[in-house]
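With chain F's structure known, arrange chain W on it following the hints.
Protein chains in written order, with the working numbering: chain F, 1 to 155; chain W, 1 to 155.
Any given hint could be a false lead.
Heads up, the list lumps identical chains together, so a pair's fine if it works in one copy or across two of them.
Said to hold, decoys possible - In the DSBU-like style, the derived pairs of lysine-lysine whose C-alpha atoms are separated by at most 35 Å in a straight line are:
1) K2 - K155
2) K155 - K129
3) K2 - K84
4) K12 - K2
5) K129 - K2
Calculated directly from the structure, the hints in this document are not laboratory data.
There are 2 protein chains.
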Amino acid sequence: MKPIGSIQTDHKTLDNMPIQPRGAGNATGRIVLQREYQDGLLDLEGFSHIYLIYLFHLSDGYSFRVRPFMDDNSHGVFATRAPKRPNPIGLSIVRLLSIRDNVIEFEGADMANGTPLLDIKPYIEQFDKVNHATSGWLKASDRAIMQARSDNRFK
Amino acid sequence: MKPIGSIQTDHKTLDNMPIQPRGAGNATGRIVLQREYQDGLLDLEGFSHIYLIYLFHLSDGYSFRVRPFMDDNSHGVFATRAPKRPNPIGLSIVRLLSIRDNVIEFEGADMANGTPLLDIKPYIEQFDKVNHATSGWLKASDRAIMQARSDNRFK
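In isolation and in its complexed conformation, chain F is listed as follows (with noise of 0.2 Å):
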């Protein structure tokens, strides 16, 4: 595992951050992938949204048990998105913007500033559609979740 590239946004440390890209609404942030990656962005700019795969690299270690933002108790790791996991491995899906030679805009941006990134996916509906969900413990709103921002418990 080697990153491709570096994702560049606004949030410069884990505090205050939106905690997926929902609460990030319209905040961008950029993908500058290394130059050698470039040719496997081909057709990419015909999706409307991405997977990025990123490193929490701010993130130390993990617990097994975690207290999410979105919620008072506390829960498997396995059963939240919280960063510090055995293999820290972040997962956002965001709006692609553009995309120019090597660097990609995006909105939705959720992830530090620096973050490594490691692989880009297309969101095909297709394939990742899923209907009837059901999300367990987390019964927060819409509201609650464009609000909610972090604060350093994950560091």
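Leaving out everything else, chain W in the frame of chain F:
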């Protein structure tokens, strides 16, 4: 990065596999998590769908341009879900059936038997549901996706 467990499926070779969980239909798979991580599963059973993040362990190397199973044209590797990627990370959204101790049964098994698992995350509709996505080059019908099967091109 180290595996947290292993995924058991009926797909013993890369040939003739479903190409996505949607194509796998009700084919079930089983995750055997290493015992040391079992506590991280607390409350996961409340979610109907989970992301599995894993290694494409049978793929070797990568190309920048690939011809995916669902198209006769080649595309940049990051505009496809093909396994031969710079970082060989796979992503599947599967339906959770049961959790018993360190064993998780799921539906939608589209990965090879013995796949090393890196992470499990809950699918959270409020975070992950995308409305009005456009899917670039992929024009296949649901029927075509259900019927598509892999060949050995990504070994």
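Cross-check of the supplied hints:
no. : hint        : in the structure
1   : K2 - K155   : both (22 Å within a copy, 21 Å between copies)
2   : K155 - K129 : both (32 Å within a copy, 27 Å between copies)
3   : K2 - K84    : both (19 Å within a copy, 15 Å between copies)
4   : K12 - K2    : both (22 Å within a copy, 28 Å between copies)
5   : K129 - K2   : both (29 Å within a copy, 29 Å between copies)
When held up to the earlier numbered hints, the structure conflicts with none and fits them all.
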